[in-house]
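Let's have the full structure, built from the sequences with the hints guiding it.
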Amino acid sequence: MASDSHAPASATEYITHHIQNMTWGQLPAGYERADGHVLEQATWTLAHSAQEARDMGFWAFHLDSLGWAVFLGFIFCFCFYRVAKKASLGVPSKWANFLEMLVEMVDKSVKESFHAKSEVIAPLSLTIFCWVFLMNLMDLVPVDLLPEIAQWISGDPHLYFKVVPTTDPNVTFAMSFMVFLLIIYYSIKSKGIGGFVGELTLQPFGKWMLPFNLILEGVALLAKPVSLALRLFGNLYAGELIFILIALLGWWQLPAHFIWAVFHILIIILQAFIFMMLTIVYLSMATEHH
Amino acid sequence: MNFNATFFGQLIAFAVFVWFCMKFIWPLLLGMIEEREKRIADGLAAAEKGEQKLEQAEQRLTEAVEEGKNRAADIIAQAQKRGDEIVEEAKQNARVEGQRQLDAARGEIEQEKEQARQELRQQVAMLAIAGAEQILMREVDRNAHNDVLNKLGADL
Numbered sequence: 000m001a002s003d004s005h006a007p008a009s010a011t012e013y014i015t016h017h018i019q020n021m022t023w024g025q026l027p028a029g030y031e032r033a034d035g036h037v038l039e040q041a042t043w044t045l046a047h048s049a050q051e052a053r054d055m056g057f058w059a060f061h062l063d064s065l066g067w068a069v070f071l072g073f074i075f076c077f078c079f080y081r082v083a084k085k086a087s088l089g090v091p092s093k094w095a096n097f098l099e100m101l102v103e104m105v106d107k108s109v110k111e112s113f114h115a116k117s118e119v120i121a122p123l124s125l126t127i128f129c130w131v132f133l134m135n136l137m138d139l140v141p142v143d144l145l146p147e148i149a150q151w152i153s154g155d156p157h158l159y160f161k162v163v164p165t166t167d168p169n170v171t172f173a174m175s176f177m178v179f180l181l182i183i184y185y186s187i188k189s190k191g192i193g194g195f196v197g198e199l200t201l202q203p204f205g206k207w208m209l210p211f212n213l214i215l216e217g218v219a220l221l222a223k224p225v226s227l228a229l230r231l232f233g234n235l236y237a238g239e240l241i242f243i244l245i246a247l248l249g250w251w252q253l254p255a256h257f258i259w260a261v262f263h264i265l266i267i268i269l270q271a272f273i274f275m276m277l278t279i280v281y282l283s284m285a286t287e288h289h
Numbered sequence: 000m001n002f003n004a005t006f007f008g009q010l011i012a013f014a015v016f017v018w019f020c021m022k023f024i025w026p027l028l029l030g031m032i033e034e035r036e037k038r039i040a041d042g043l044a045a046a047e048k049g050e051q052k053l054e055q056a057e058q059r060l061t062e063a064v065e066e067g068k069n070r071a072a073d074i075i076a077q078a079q080k081r082g083d084e085i086v087e088e089a090k091q092n093a094r095v096e097g098q099r100q101l102d103a104a105r106g107e108i109e110q111e112k113e114q115a116r117q118e119l120r121q122q123v124a125m126l127a128i129a130g131a132e133q134i135l136m137r138e139v140d141r142n143a144h145n146d147v148l149n150k151l152g153a154d155l
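From first to last, the protein sequence lines are chains A and B.
For the record, in the first sequence the residue sitting at position 23 is 22 according to numbering that gives the first Met the number 0, with numbers rising by one throughout.
For the record, in the second sequence the residue sitting at position 149 is 148 according to numbering that gives the first Met the number 0, with numbers rising by one throughout.
Treat the hints with care, as some may be off.
Computed from the model, here is a short list of chain B residues facing chain A with C-beta under 7 Å [what the hints assert, rightly or not]:
| # | residue |
| --- | --- |
| 1 | Asn3 |
| 2 | Phe6 |
| 3 | Phe19 |
Derived by calculation from the structure, the hints in this document are not laboratory data.
Note that beta-carbon positions come from the ideal geometry of N, C-alpha and C, so glycine has one too.
What follows is the structure in structure tokens.
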């Protein structure tokens, strides 16, 4: 917990501060900022309150989520690329062996459930697993450590800084939306547009119940990306919130934090794995004929 | 926690990372892993083959040792036999040679005896003639009485 002059006034303030993203967007002319200052013209700036972030509308960016996500993505690419570049047929180093183990694990999962041929699905699965895992892993960093450092560097004691990208629904929905696009792409690719539309409209009750079928199948189709995104977001958001609550416990936070962190190790791996497995399963369902 | 354009940022980042992984990571790593897997499988197969060969070689070795032992035993037995034979032969030869020498010695003795007898006969004939000469006090015509003398000598 922060303990100096900018200590939060209450637990509520502490929590709300921790669940607000660093939002960068445009505020319209004549907008009154949180500190009472009135903008003379439309300005791109960082939001200084949750209200400001809301008022920035759709065209705003969560710099912290994006920044960490991209940074962790780079770490993923860097690690694997380096190992892939140096890969030789000889005895691999322990680190290379570990990464190869991940690759083999993903490859096995893909081959088990996805029977069609695809260049994309295995690398997609590997990226999802590793990237989601790394983003989830940020949850194990003590909740105040990175925000405090960011506030110290920027000199702004009220800087919003969320370090776990997967607790941002934008991030999880973007990933599941990509999966959704691929589901549609593979459905059309393997069954043709007619087949895909037919699948949506002509079952399970035959052509006389077409609107009913469409609603049923449409919901089933949309439920896939939505559940994918919400499952990951919900788990990580809840986990993060519990870490924040534990951080309010004073000295008791140490054992409590430890216990929850140990438990959370399971969750972050499990969620990354579930996201990957469901992606594979959804895509294999999309390519297979009923 | 607003829904905003972060979505698109993440979408693009996701696409780029997947593309990168697809292009630069996956084929390299998986190709290498499969290659290595093949190599390990080959190595294990070769090891097994080598083991089999070793076993065969060991078996052959045992057989060869066995055969060698048998042959050595045979040779020793043959040598023993041959040795015995040689000893026997030598004994036989010695016996024959001894007999031969004995016979030769006997022959010689016989011959010498004969010779001595011959000489003795002549000398007796001489003596007889000399005696007769003395008795008769005259020369006996050796040539005229040769026949008598020879007859006398042969009777001795």
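query: Any of the earlier hints contradicted here, and which numbers?
result: Going through the list in order, the structure violates no hint and respects every one.
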